[in-house]
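Trainee: Using the hints provided, position chain A relative to the given structure of chain G.
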Amino acid sequence: QKEVEQNSGPLSVPEGAIASLNCTYSDRGSQSFFWYRQYSGKSPELIMFIYSNGDKEDGRFTAQLNKASQYVSLLIRDSQPSDSATYLCAVRGPGGNQGGKLIFGQGTELSVKP
Amino acid sequence: DGGITQSPKYLFRKEGQNVTLSCEQNLNHDAMYWYRQDPGQGLRLIYYSQIVNDFQKGDIAEGYSVSREKKESFPLTVTSAQKNPTAFYLCASRAEETQYFGPGTRLLVL
Numbered sequence: 001q002k003e004v005e006q007n008s009g010p011l012s013v014p015e016g017a018i019a020s021l022n023c024t025y026s027d028r029g030s031q032s033f034f035w036y037r038q039y040s041g042k043s044p045e046l047i048m049f050i051y052s053n054g055d056k057e058d059g060r061f062t063a064q065l066n067k068a069s070q071y072v073s074l075l076i077r078d079s080q081p082s083d084s085a086t087y088l089c090a091v092r093g094p095g096g097n098q099g100g101k102l103i104f105g106q107g108t109e110l111s112v113k114p
Numbered sequence: 001d002g003g004i005t006q007s008p009k010y011l012f013r014k015e016g017q018n019v020t021l022s023c024e025q026n027l028n029h030d031a032m033y034w035y036r037q038d039p040g041q042g043l044r045l046i047y048y049s050q051i052v053n054d055f056q057k058g059d060i061a062e063g064y065s066v067s068r069e070k071k072e073s074f075p076l077t078v079t080s081a082q083k084n085p086t087a088f089y090l091c092a093s094r095a096e097e098t099q100y101f102g103p104g105t106r107l108l109v110l
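Just so you know, the protein sequences line up as chains G and A, in that order.
At position 4 of the first sequence (counting the first as 1) the number is 4 in the numbering used here, and the numbers step up by one without a gap.
At position 63 of the second sequence (counting the first as 1) the number is 63 in the numbering used here, and the numbers step up by one without a gap.
Just chain A, same shape as in the assembly:
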């Protein structure tokens, strides 16, 4: 069953804590993306990766970090430097021109 999976579905972060969001795909796509969505707003690009061991900052990379050690996996770490992390986080992968999204992770701050 091909697709993009994200875990966990909900994540709670305490002050000063780093948290990592998982994104896995078995679609054999090279390019993967992380977006953030705030209520009533569109998606904003955090980081993207076009190939293993390479990634680029998007429009709002401050306070986030990523790695791309395997083609299938593109985890996102929300660091303590991100002062307003509460949002819906979406991972996507791309086939030719089109991006397809995982189910998302909702991050909340305790």
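This is chain G alone, in the form it adopts within the complex:
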């Protein structure tokens, strides 16, 4: 079982719709959860992070964390063609001696159609 799993997609949504991206992780002791956006040929850029169970909102983005189900998701409201990219889920495991190591999923490709 992979440590962090995402559906590779592509996920296609119409402009203005809600895009829902999902991520599951295997280490129940994981502490912090990150969503990065990566445009084709570019490096990842941080969208948001979440540490506590529940929802965290930032503009059109909402991260949702459920530690009991080992599940984290990213919702993008009012999706725009400029949101078309690969979205990477990353998880920091437990323990203070891991140097802040992140485990990445393989990414979900999102396509927003005008």
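Hints in this document: simulated from the structure, not taken from any laboratory.
It is possible that part of the hints are untrue.
Said to hold, decoys possible - Far from chain G by the CB rule (all over 10 angstroms, computed), these chain A residues: (1) 27; (2) 28; (3) 44; (4) 68; (5) 84; (6) 97; (7) 98.
Claimed, not checked - Just some of the chain A residues that point at chain G, by a computed CB distance under 7 angstroms: (8) 8; (9) 10; (10) 31; (11) 41; (12) 42; (13) 43; (14) 94; (15) 95; (16) 109.
Built from N, CA and C at the ideal position, the CB exists for glycine as well.
Mentor: Chain A only, in chain G's frame:
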């Protein structure tokens, strides 16, 4: 203008050659990381450094080496022992919990 820079943007390696990828940051971050990304895959950790003059192997360190002589710099050498070096190489530095990435270097084999 603060940030992380990587050079070169593209690098070509010949058989049996060692090549070095540069990573510099002026963010005053202690921790720095090197990742490799293959097409359609997530990032895999090669090496990381939490402080000057100290570094640890990541998940795929074989065929790579690093140094951390200055806080600002964390160069990665891809040695001839790395038999499949073609990939997108990403350097990152960390502030508190969050890692921030440089623009990347794409390494190709001639």
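Trainee: Hints the structure violates: just list their numbers, smallest first.
Mentor: Of the numbered hints given earlier, those the structure breaks are 3, 6, 7, 8, 9, 15 and 16, listed in rising order.
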